[in-house]
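Chain residues, written in single-letter form:
Number of protein chains: 2
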Amino acid sequence: MELTLTTFTPTDRTTLKRLPKRGQFDHAIVFGILDEAFICHVGFVSEGKPVVIPTAYARIGEDMYIHGSAASRMLRSLEEGIDVCLTVTLVDGLVLARSAFHHSINYRSVVIFGTAKLVDDPAEKLKALHAFTDHIVTGRWREVRQPTESELRATTVLKLPLVEVSAKVRTGGPIDDEEDYQLEVWAGIVPLTLKAGLPIDDERLNGIEPPDYARNYSRKLGAGD
Amino acid sequence: MELTLTTFTPTDRTTLKRLPKRGQFDHAIVFGILDEAFICHVGFVSEGKPVVIPTAYARIGEDMYIHGSAASRMLRSLEEGIDVCLTVTLVDGLVLARSAFHHSINYRSVVIFGTAKLVDDPAEKLKALHAFTDHIVTGRWREVRQPTESELRATTVLKLPLVEVSAKVRTGGPIDDEEDYQLEVWAGIVPLTLKAGLPIDDERLNGIEPPDYARNYSRKLGAGD
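As you go down the protein sequences, you meet chains A and B in turn. Each number in my numbering corresponds to the 1-based position in the first sequence with 1169 added. Each number in my numbering corresponds to the 1-based position in the second sequence with 1169 added.
Simulated from the structure, these hints should not be mistaken for laboratory data. Being a predicted model, the structure only gives us computed values, none of them experimental. It cannot be assumed that every hint is accurate.
Said to hold, decoys possible - Pairs of lysine-lysine residues, derived as BS3-like cross-links and limited to a Cα-Cα distance of at most 25 Å, are as follows: (1) K1389(A) with K1296(A); (2) K1328(B) with K1218(A); (3) K1389(B) with K1389(A); (4) K1389(B) with K1364(B); (5) K1364(B) with K1389(A); (6) K1364(A) with K1364(B); (7) K1389(B) with K1364(A); (8) K1218(A) with K1286(B); (9) K1328(A) with K1294(A); (10) K1328(A) with K1364(A); (11) K1296(B) with K1286(B); (12) K1218(B) with K1328(B); (13) K1286(A) with K1364(B); (14) K1218(A) with K1218(B); (15) K1218(B) with K1328(A); (16) K1364(A) with K1389(A); (17) K1286(B) with K1328(B); (18) K1286(A) with K1328(A); (19) K1328(B) with K1294(B); (20) K1294(A) with K1218(A); (21) K1328(B) with K1296(B); (22) K1286(A) with K1296(A).
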């Protein structure tokens, strides 16, 4: 299967110019990618130059929430409500073709353009923190100590609506040139997945056993909302 | 261990403002991250707004090469030699603390600022394509059909020198508030790694068996140069 493009509101920026046949419009694809991943790369412009920073996020309905310290440079800019590009990428496999030229990577990515705004309302901020925690581990929020008022104040949360959104997906094996299929070269896919290892106990646990969600962690199962 | 910052040539942009104690200067850390990962997020400014796109890359010495089609919008801009921010992130684990506030993620990231320039010289371009292929699978280049002249022309390669570079690394378990250590909550790390599954044969292989590098694929072993 070729790359596909999913767009909520197609704009100049989210209309794929190279391969328009890959276009596709589907909220489920976008939400599936955003719920499986938990790190995004946020781009913004600082003094006319691009800056890209990895950060954690959560989705609530049709809004993205980005988590970060108010002291970081990214958020000092974003607090004013600035243009961002938020990109989420999942790598699914290496595509090994018979020619160097046709090597590729299977991936799913979402690109979101928009203006990120600071979340001021304490109730909305708490809802976002709940989503951040449960996006990492479903159900974790209710087991841990909740944020104090000063922790809540110390946490900067930004909101970006899912309006100008596109997704690109590549799946399937290599597409070789017809004459290359006779070459004596192995071709196919090496699937890649982010896998969890055995949980590592904190040194000061005093015998508390790791819960199932830590023993059998999976992004496929653990997707947030 | 706390976050660390590694910078080749510290500048305003690569000097971490929030936690200066995390600063560290070491080429080996930067190269280790760049060689283990193979997807970067490239940010650039298009009509005053940020754009962030995932793409493949390879490192040759102290230069980064970015791979892409000349037809994509990113490269139409980058060909002129434009400012980019290239960010590479490896996620190593989830850090589950006893309070929601202290949850964190173990990761290693590199941020590179600079001007990306189009590679025109065919010999340098071929060297970069060699590095792209072998960065995905070491030794693959010599087994597959080499690029034709027209494939070489159809491939756009951009070069970004590793000059203004910083790295951030978080390792280790949660750091909880002293009074939270008494809580009956499991805390620790859920390690995460990009793991390869069994190789999937292309449909038209005619019995060629997958090589060892596809059967036992690992980014830790397979790092490029």
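Taking the numbered hints from earlier one at a time, note which ones the structure violates and give those numbers from smallest to largest. Violated hints: 10, 13, 20; rest satisfied.
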